[in-house]
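Asks: As a plain string of letters, each chain reads:
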Amino acid sequence: MADSGSEDIAVIGNTDLTPSESENNLKNTMVEKGTNLLKMMEISVAEAEKRTGKNAVNMQETYTVYLIETRPVDAASEGTNPVPDSLWRRYSEFELLRNYLLVTYPFLVVPPLPEKRAEFVWHKLSADNMDPDFVERRRVGLENFLLRVASHPDLSSDNIFYSFLTEENGWKETVFETGFQAKADSRLKALNATFRVKNPDKRFAEMKHYGDELQSVISQLLRVRARAADRLYGVYKVHGNYGRVFSEWSAIEKEMGDGLQSAGHHMDAYAASVDDILEEEEHYADQLKEYLFYADALRAVCRKHELTQYELEMATMDLTSKKQQREELATGMIRTFSLKGMTSKLFGQETPEQREAKLKMLETQIEEGKEMVKERNAECEEFVKSAWVDIERFKEQKDHDLREALISYAIMQISMCKKGIQVWNNAKECFSKM
Amino acid sequence: MSAGAPRSLASSGQKSIQDMCHPLSAQESALSPGRAADKDLILPNGTPVDTSSPASSSSLLNRLHLDDDLDGETRDLFVTVDDPKKHVSTMETYITYRVCTKTSRTEFDLPEYSVRRRYQDFDWLRNKLEESQPTHLIPPLPEKFVMKGVVDRFSEEFVETRRKALDKFLKRVADHPVLSFNEHFNAFLSAKDLNKRQGLALLTKMGESVKFVTGGYKPRARPAEFAAMGDYLDLFTPKLGTIDRIAQRIIKEQSEFLMELREYGPVYSSWSSFEEDLHDPLEGVSGCVSNCSSALEELTEDMSEDFLPVLREYVLYIESMKNVLKKRDQVQAEYETKLEAVVFREDKKTPVPTDVEKCQDRVECFNADLKADWDRWENNKRQDFRQLLTGMADKNIQYYEKCLAAWESLIPLLQDKQEAEGETS
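Quick note, the sequences are listed as chains A and B, same order. Going by this note's numbering, the first residue of the first sequence is number -7, and it counts up by one from there. Going by this note's numbering, the first residue of the second sequence is number 40, and it counts up by one from there.
One chain only, chain A, in its complex shape:
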């Protein structure tokens, strides 16, 4: 809630403003286009909590809410540590926000949300949405989503996004008031429709193909990785059995007993170490998943381009046919088949007055058509320009992020190997004392 404890909030540069004034200040600064919100404000999804309540059909349901905390950036640097603003949101509200952004900015690659249901799980990992590990990973994913949006040059200045972060009550109504739902429906229809574009922009066609390939390869990677994780779990855990049998065996030995017993402890430690290893690997899987879903967002942009291109082509075709009709009418030569033309042939020529009226109507239509084509053309060009800028930005982000992900994966593997070497060296020492 923006009002609670707002006296404690340090506003950039000026601490004498009243709460409402400071709020306006922040809001106005936010609206400035091209500003990265994160330069002004710290955002985090700090906690997750279980709630129970009645749902739309008046049934009891349990759901999780996430605490979004925001704090002006300068507050920390000034030494004071004010209580951050915070509010609770559930996953469905995040979904609503994203849908709004998708519809409002169809030319942008909108950051994805973490998965709704756990997929690509290996057997020990729970597929239950209520599982604390899943909730924790989701919390991280939601924070990541907010940070991505807040650092996007265009999305960060969106008002609805800002109020998502700062206005607990009434936000939903505000979103619906924008009327984006209507656009959402037509967008969905468009995305699912099949149509053929005559002159698609090559770059977008390639991007769409890339999106398809990326999605396919990451899915495969996640699937195999999950299976491998399962197996690795088995390998480590079976070693725990050595711990037990060494312990039992040491009981019937004299000199060998101590060495065996302590070696057994190391085998137990080895078996236990796999839980942390695989927990860390889940972070890597989450990073891959983000780009799996990003691929979808990328494809949506390419699809949207196809749609705008298609509509332009339709308008152009329509204009051409109208122009042709006018020409035929003017010269009397019939080149295109039309029912009207046929009937006039069958039932006799029109009167000059009739022809005049028709011509006039066509002229109007042609003028309208020209406007339409101009409009659609501009739309197309505008779309291509904006979308391509964002796609380039996305490409760079993707290359950077995935490279980082691979580096941290390699580091994880190195850490795992070092731990393995240490445990087995410890065990070896015990064995050598047998």
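Just so you know, these hints were derived from the structure itself, not from any lab. Any given hint could turn out to be false.
When the alpha-carbon atoms are kept at most 20 Å apart in a straight line, the in silico PhoX-like pairs for lysine-lysine are as follows [claimed, not checked]:
#1 LYS425/A <-> LYS434/B
#2 LYS229/A <-> LYS434/B
#3 LYS175/A <-> LYS164/A
#4 LYS278/B <-> LYS246/A
#5 LYS231/B <-> LYS141/B
#6 LYS425/A <-> LYS231/B
#7 LYS296/A <-> LYS194/A
#8 LYS125/B <-> LYS231/B
#9 LYS410/B <-> LYS246/A
#10 LYS314/A <-> LYS352/A
#11 LYS362/A <-> LYS352/A
#12 LYS410/A <-> LYS125/B
#13 LYS411/A <-> LYS125/B
#14 LYS278/B <-> LYS229/A
#15 LYS441/B <-> LYS410/A
#16 LYS434/B <-> LYS411/A
#17 LYS229/A <-> LYS420/B
#18 LYS425/A <-> LYS387/A
#19 LYS420/B <-> LYS246/A
Assemble the complex: chain A is given as a structure, and chain B must be docked to it using the hints.
Replies: Same frame as chain A, but now just chain B:
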């Protein structure tokens, strides 16, 4: 019935007692942990040994089979089994192994021998040893029968595993202060052609004094120390079984993990094929996973070839030991039965018949031999398992070291482009 003072034992071979190491001297202080400090180790047959890694040092130890009651200097008999070769004839196909001997013992005509023997010959030797030295623990041979169709008797892995086991068998015999002087052993090592009927003649010469009649006498209470041996063996056997099962399970899980890795790596490769900037990093990861896969394959193969067979050998060893214990029980039973019969029949003044005296001798000899062999066995067992488990640890360490090297070498490759990008931007 306690073991009497050691005398000139009929089963000790032709050496006089002064020249031999006393069997009871087998209980020496433990050998210091097997770590070959000398880097320039050479096998008795002259080939140098690679000691570049700790794991190969312990395998060296395996081959030399240093014994704790005979240090390097007093050893005068060295035996190795190597160079397996396949022989194909119209009748059958089989493998022979070269058996090399180097010795300064006068029981041998020459200081060096090199003969070829097949598994059958080892089996013959073992049977002969069991017959002629029934009071001693004879080391086990690798399993005789292998299911055709399940195991390839001529695969490199199988032959190598068998060779190692046969080598160990001969070394254990060679290290034994009594068995190593056995006539059949001598013939096995030195005869050009092993005429297996020759053994029969030798046996009848020595036979009388050593052939025991084991015929259904009512078993008596075992003396405490032999009862303890039996109890230990009964407790130890299931532990071995459990360890065997665990090892097999681990190998299985590792193999299945390996299968997934072999699918996992190539996915990075196919991903790299449609990336530009990310092409090299992704290829690098693919290569890394591939290296780890190879390392894992080596680990599972090594465990299959080196670890499991040794466990199984000990199971066989224990089986034959239990049999020797039973034989001892029978000898004791025979003696006590005859003694009781004599005591009941006559009055205490008449001397004990020689028949009963002979039985007493037999019991005392058996007990002494067995006790000595048991102590030696315990020491060997300790060394063998120390080596086995240390070897297992080594193999795992090597596996992780290989993987570590692969991933560490990848990091600069992954970070490289970033530095280059930093320079150009």
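Asks: Find the hints from earlier in the document that the structure breaks and name them by number, from lowest to highest.
Replies: Hints 6, 12, 13, 17, 18 are the ones this structure does not satisfy, whereas the remaining hints hold.
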